[in-house]
Amino acid sequence: MRASRPKVAIAAVAAAALAVAGCAESDREGSSGSSKDTLVFGVAGDPKVLDPSFASDGESLRVARQVFETLVRPEEGGTKVSPGLAESWEPDAAGTTWTFKLRSGVKFHDGTDFNAEAVCVNFDRWYNAKGLMQSPDVTAYWQDVMGGFAANESDTLGESLFKSCSVTDPTTVALTFSRVSSKIPAALMLPSFSMHSPKALQEHDASNVSGSADDIKYPAYATEHPTGTGPFKFKAWDIANKTLTLERNEDYWGDKAKLKSLIFKTISDENARKQELRSGGIQGYDLVGPADVEPLKSEGFNVLTRPAFNILYLAINQKGNPKLADLKVRQALAHAINRQALVDSKLPPGAQVAVNFFPDTVEGWNGDVTKYEYDVEKAKSLLAEAGASDLKLRFHYPTEVTRPYMPNPKDLFELLSADLQAAGITIEPIPLKWSPDYLNATTSGNKHDLHFLGWTGDYGDGYNFIGTFFDRQKDEWGFNNPALFEKFKTADSTADQAARVALYKELNADIMNFLPGVPISHSPPAIVFGKDVTGVKASPLTDERFSSAEFKS
Amino acid sequence: MALLDVEELSVTFARRNQRTVRAVDGVSFSVDAGEVVGLVGESGCGKSVTSLAIMGLLPRQPGVQVGGKAVFDGTDLLQIDDRSRRDIRGRDIAMIFQDPLSSLNPVVPIGIQVTEVLTRHRGMKGQAAAKEAAQLLDRVGIPDPKRRLKEYPHQLSGGMRQRALIAMAVACQPRLLIADEPTTALDVTIQAQILELLKELVRDSGTALVMITHDLGVVAGMCDTINVLYGGRVVETARRRPLFRQPRHPYTVGLLSSVPRLDAGRGERLNPIPGSVRDLLPWPDGCAFAPRCARRVDACVGEPPELVLTHDGRSYRCVNPAPVPGLTPGEDVREVVPGQATPGSVPAQAVPNDPPAVPGLAAAPSEEETS
Amino acid sequence: MIRFIVRRLLQLIPTLFGLSILLFIWLRRLPGGPETAILGERGTPEMRAAIRQNLGLDEPILIQYGRFVRRMIRLDLGTSISTKREVTTEFIQRFPGTVELTITAMVIAIGIGIPLGYLAARRRGRFLDHASVGGSLIGICIPVFFLAYILKAIFSENLGWFPSSGRQDPTLGATRITNFFVLDGLMTREWDAAADALWHLILPGLALASIPLAIIVRITRASVLEVLNEDFVRTAEAKGLTENVVRRRHVLRNAMLPVATSIGLLTGGLLSGAVLTETVFAFSGIGAFLAEAIDHRDYPVLMGFIMIIAIVYVLVNLIVDLSYSLIDPRVRVR
Amino acid sequence: MTIISGKKREKIDRLAELAARDEERGVSLWQDAFRRLRRNPAAIVGAIILIVFVLVALVGPFFVPYGPKDTMGIREGVVKVGQGLIPGPSAEHWLGYDHQGRDVFSRMIVGARQTLLVGVVATMIGLAIGALIGGVAGAAAGLGGRWGRWVDTTLMRFIDMLLAMPSLLLAVSIAALLGPSLITVMIAVGMVSVPVFARLLRGSMIAQSNSDYVLAATSLGVRKSKIALSHVLPNSLAPVIVQATLTLATAIIEAAALSYLGLGNPDSATPEWGVMLADAQPWLGIRPALAIYPAVAIIITALGFTLLGEAMREALDPKLRK
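Chains as they are written, first to last, in full-length UniProt numbering: chain A, 1 to 553; chain B, 1 to 371; chain C, 1 to 334; chain D, 1 to 322.
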């Protein structure tokens with residue numbers, strides 16, 4: 001009897017399983033045998049949310065870029081503003097009202113038409129955000145660009161840049177802004193300003209960000225029913241298998257996607273991604289480690305290098321240590337670090353030493369600014385002059401994180417601190433976990449003297465770089481330079497492109513003289529595809545369009 | 001032809017970088033059908049090892065050497081292969097062990113432990129086996145056997161456990177039963193009962209019994225022939241009565257005199273044997289007992305003492321045996337076997353169970369008997 | 001029996017309570033906070049303040065704890081700060097993966113460990129014995145993540161025998177019911193899906209099994225050796241039982257007692273191992289998710305998951321106790 | 001030291017006799033254990049590994065060819081990880097450069113010291129805390145009485161809670177709590193072994209307190225606390241020492257695991273095998289050797305500790321002695 005007990009149990013389980021099997025029927029159409037029309041792409045993390053209005057993380061945006069489209073979008077492989085859902089656009093004389101001529105015959109994935117009406121529905125949705133939808137972690141990009149809402153519910157918000165949207169005719173829409181801004185129209189390229197189907201928004205109650213303060217719940221729309229006009233439709237998000245599946249939008253207005261389906265598979269570990277590519281489980285992945293670029297190339301994989309559209313800088317906090325308020329000391333730091341060696345040894349091919357706080361691909365880049373060549377002796381003498389020969393600095397650096405602009409912070413730190421010590425500066429290393437500790441410590445308070453950080457541009461306007469850093473007093477830098485701040489204001493509110501670019505040039509020069517920090521490098525992030533995958537063009541804004549991807553037979 | 005003939009049985013344990021131990025060193029004795037034979041000696045004299053060797057239960061490890069013969073009606077148990085040995089075990093030769101608790105599998109019900117023997121040797125299964133098992137338990141005096149079958153060893157009392165073990169042993173009416181200190185672990189009252197049980201079992205089943213014990217009391221109670229072991233050899237063999245009345249080997253004398261006796265006069269003190277089994281002399285260089293022996297003489301050391309067979313059919317291995325009152329030393333000696341040879345080679349039943357009360361007359365009759 | 005289980009379950013309560021307090025204190029002590037995790041590079045101090053307020057992080061600790069406990073009792077573990085999904089949902093999504101992985105590992109460990117340990121004991125001092133003992137030593141000494149990496153490099157990267165990451169080939173588009181992929185595959189008769197899922201389990205299973213396997217081999221060997229010199233084995237031999245019966249009924253059954261307990265204690269270790277293995281194999285389970293959660297200071301996730309793991313752990317031990325009392329009649333279950 | 005009345009002194013003297021017998025047993029136990037150790041090849045191997053390891057750790061750093069932090073490879077421009085260039089072994093650099101252009105050989109040697117440090121300190125922490133908790137619990141249990149039992153159960157409940165936490169998770173939690181630093185690693189790894197030591201010590205103390213000589217002492221009416229301190233504790237140490245040896249092995253491995261999860265010692269300029277192994281991950285593609293050296297070193301060392309520990313356990317285990 002004793003012996004037979006387990007048998008009984010097994011039998012029972014089996015019976016149960018079969019019983020379930022009876023009712024559970026396979027609901028998949030014949031498993032796609034030839035995966036030649038299916039691309040599996042390895043990504044570093046799960047997307048957080050599928051409604052780009054609420055997204056700020058790269059992975060969510062990557063998905064959004066395939067499913068949704070914006071009025072204007074960057075030219076493929078570039079940063080220039082080019083036609084998206086709008087064929088053309090122009091500001092009025094004042095530069096505050098922009099009129100967009102819309103592409104006709106565009107349909108959303110749910111079959112409804114895209115038109116001026118839809119555009120306004122979308123903008124009004126964002127502008128009239130209420131309650132939790134105003135929380136900074138829900139609509140980060142809107143707040144970043146527009147600065148506020150119709151009715152602000154938090155005093156940390158300001159007046160909204162966006163004012164109103166009006167329909168002129170089904171294919172013409174006018175957006176009115178409260179002031180002239182460098183951000184328009186470039187910022188409208190951001191996926192967060194993607195056009196959603198009003199019907200779908202309605203059906204799935206897209207603006208209802210519910211839940212209580214400390215557990216925000218997204219509406220079903222944002223997790224299950226993203227409905228755009230893009231070349232791919234959302235199919236399924238399988239959290240249990242860390243995969244997100246898109247399928248071809250058969251009635252796309254433009255060139256239809258060549259792939260039948262596109263699958264994003266989350267593999268957080270860099271090596272894991274590489275191994276999976278080699279073992280054929282995926283046909284491409286992003287965030288290729290610099291060291292892997294050459295090997296992968298030599299193995300015949302298609303390694304695409306994005307134009308460097310980022311900046312890595314050494315930040316100096318003038319509040320942290322009074323000595324740092326002395327320009328001489330800051331110059332000494334700049335001379336003390338061997339940026340060339342760092343770029344040569346640590347960064348992928350194509351990386352450059354930075355002379356401005358943004359790369360030369362952005363208009364307004366200025367070649368003749370004060371440069372600070374590597375010169376330890378000079379650094380020492382400068383320190384001596386400033387009476388800071390016994391300088392002791394707290395150097396923050398992030399642990400285990402890779403950013404497009406800094407492949408391996410720990411290594412960079414070790415090099416830089418070695419350089420600084422060579423110049424007779426004492427370094428107190430303060431390693432912190434990237435998020436949140438490091439970002440907390442370096443962007444607030446004044447416990448930090450030195451740290452490095454960087455930025456990847458959102459769109460091709462200089463302000464998005466230097467403006468973000470220096471246009472007002474910030475804890476990160478701890479200086480107050482009214483003249484500089486003023487100049488930024490003028491630049492931002494200059495409607496005329498040429499004039500603004502000229503101002504950017506000046507600003508770059510000023511910045512490099514004032515030297516709030518030391519720009520280190522621009523490094524080109526790499527993205528890799530399988531040996532037989534072609535058609536994808538690397539984009540500086542990581543706006544790769546998978547619709548053009550195909551397997552060459 | 002005896003049922004079991006053990007000749008020159010020797011067991012040595014060789015351990016890595018330790019000197020090899022001769023646990024049994026040329027033991028010889030024989031058991032006849034239905035006879036009760038005792039193997040007596042202090043612990044460590046090799047009694048148990050002997051029995052294990054016969055059963056082939058010694059650990060099968062390199063370094064364990066078994067020599068000599070153990071012939072069980074015609075077949076030498078030491079030569080046969082594992083399979084046929086397993087067939088004999090439990091069916092023809094059964095064994096009872098010292099500690100009933102540790103000798104029973106704690107996680108298997110008594111019933112199964114009994115029936116498994118029946119299944120193995122008598123091909124009984126299911127109900128039949130269970131029924132038989134119940135009868136066996138009943139036969140060894142376990143009340144309410146049906147229930148007991150389902151119980152586990154830890155639920156039984158010491159005595160019950162030993163009875164259960166006995167039940168398993170006699171399950172197939174073996175022809176030879178080896179009981180290794182069957183009562184040592186039990187308290188006195190139980191001891192008596194168990195001994196009684198064993199007695200009647202052998203009586204009515206005609207099973208021969210080898211009783212291994214250090215307790216002369218037990219032996220006195222039931223054995224026909226007694227072999228006294230010391231240092232892995234039989235030092236004296238005799239029928240029960242003569243041994244107790246007239247021990248010859250000093251060791252036997254020692255054993256006897258260290259047992260408290262009711263008939264001992266007041267003031268008469270016990271005199272235990274000095275020293276312990278450990279300090280023995282390896283047989284080749286003399287009498288192993290010599291170091292502790294009260295009657296030691298120079299001759300004891302040097303070469304192994306010869307085996308002496310007496311007219312009254314006893315045998316001992318001693319150069320200076322305890323004297324028999326009225327006999328000059330060596331007078332009763334019939335034959336002397338050189339040191340290497342074995343004691344007990346005299347067929348035991350040739351010896352009259354009652355030697356003449358008067359030592360003086362002993363020589364003559366015994367001569368006739370032996371002739 | 002029932003009363004025993006009930007009592008054990010009741011005993012859970014104080015443990016869980018204490019644990020929840022420990023956790024709570026721990027979580028509050030963590031440097032930084034979720035706010036920056038949410039904001040990332042773009043966070044301004046003002047925004048952070050706003051979020052702290054939103055998340056109710058500046059309410060009195062007791063109130064926050066009270067809220068937490070109320071939730072726990074309703075088994076509502078709140079919403080993940082980083083994924084914005086209910087922790088319970090996350091759990092339902094990811095736990096099956098870990099369970100499948102752990103079971104695979106255990107099957108490997110037990111299936112190989114016990115026989116190997118037994119043989120080693122029977123062939124004591126021979127080659128097999130030394131080999132298995134030596135092997136198990138190395139199994140204990142090799143860092144799991146390194147082993148995992150080696151396995152991957154050899155069997156998937158170079159030989160291409162096994163997939164190197166994930167739980168199933170996404171191109172199969174298999175149907176999901178329970179999120180136990182193998183089971184789902186069987187239930188929906190998507191045999192290829194089931195097979196594929198199983199295939200994905202083998203390498204990580206091996207990596208995860210390394211330590212338990214080693215331990216089980218050693219324990220089995222030790223306890224078999226011990227049982228082999230037990231008197232009752234000698235008795236069994238004396239009864240002339242066939243080797244087979246002696247082995248099964250008398251040796252193994254007794255030798256299993258310590259092994260059973262060790263298996264219970266191993267589950268804790270397995271969960272630790274899962275954190276590493278799942279990370280290396282990009283295997284979607286709670287192990288990897290916990291690592292992420294700690295990175296993101298995802299309070300609700302951490303709280304919920306650790307509690308659940310603790311419960312699972314205690315339950316497993318309960319089961320072991322029960323099985324123990326089944327094997328060993330001397331252990332009374334009251 | 002309290003003044004003890006004549007009567008009591010007499011008692012304690014009598015006890016001392018009893019204890020003395022036990023002590024002498026203890027001594028012989030150690031000697032005899034040592035004898036058995038010398039005969040056990042595993043123990044010999046383990047011991048040799050450890051001796052080498054400790055020697056390297058202690059004196060090695062004074063003889064390394066290059067500074068372990070010197071990023072010479074980058075200065076000389078021979079190391080360009082950006083282009084996948086990390087030169088391998090050469091006459092000057094026996095194990096080649098690492099990704100920071102440092103001499104791997106020198107780092108391995110110096111790393112040995114750091115690794116040993118982490119292992120030892122972590123174990124010490126675990127031992128100290130564990131022994132404290134377990135000791136108190138055991139003593140309390142020994143004292144018996146309502147309070148004794150209460151203290152015992154409470155402490156053990158706490159230990160159970162620690163046990164319920166998967167070890168790595170515990171370590172990760174602590175590391176996350178204290179922020180990455182060498183000390184953190186030590187504490188985190190140490191904490192993992194606390195419950196083990198606590199249970200162990202408590203267990204053996206309770207076992208001890210039921211042993212004959214303690215019963216004897218009690219019967220002689222010696223104060224229980226005194227027995228606990230002067231006899232039970234010292235005699236409970238054997239298993240603890242064994243466990244400590246074994247824990248050293250796991251400590252080194254756990255430390256490596258923490259580093260792998262990015263919770264290790266962030267100052268990776270100072271070499272430690274676990275950190276080196278973790279740091280090598282990004283370069284596995286171009287120079288797996290960078291990972292293999294420290295990994296093998298870790299395995300061998302851990303093996304050494306385990307071998308010796310196991311051997312000691314066997315040697316001290318009365319059951320295995322026969």
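It should be emphasised that the hints constitute simulated quantities derived from the structure, not laboratory data.
Built from N, CA and C at the ideal position, the CB exists for glycine as well.
Accuracy of the hints is not assured; some may be wrong.
Listed next, the stretches of chain D that the computed footprint assigns to chain C, with coverage defined by at least 3 CB atoms under 8 Å from CB atoms of chain C [unchecked claim]:
1. 62–75
2. 253–260
3. 303–315
Not close to chain B: a few residues of chain C, all C-beta gaps over 12 Å, as computed [unchecked claim]:
4. Ile110
5. Leu228
6. Glu243
7. Val246
Hint check results:
{"no.": "1", "hint": "62–75", "result": "violated (count 0)"}
{"no.": "2", "hint": "253–260", "result": "holds (count 4)"}
{"no.": "3", "hint": "303–315", "result": "holds (count 4)"}
{"no.": "4", "hint": "Ile110", "result": "holds (19 Å)"}
{"no.": "5", "hint": "Leu228", "result": "violated (8 Å)"}
{"no.": "6", "hint": "Glu243", "result": "violated (8 Å)"}
{"no.": "7", "hint": "Val246", "result": "violated (9 Å)"}
Comparing the model with each earlier hint shows violations of hints 1, 5, 6 and 7; every other hint is respected.
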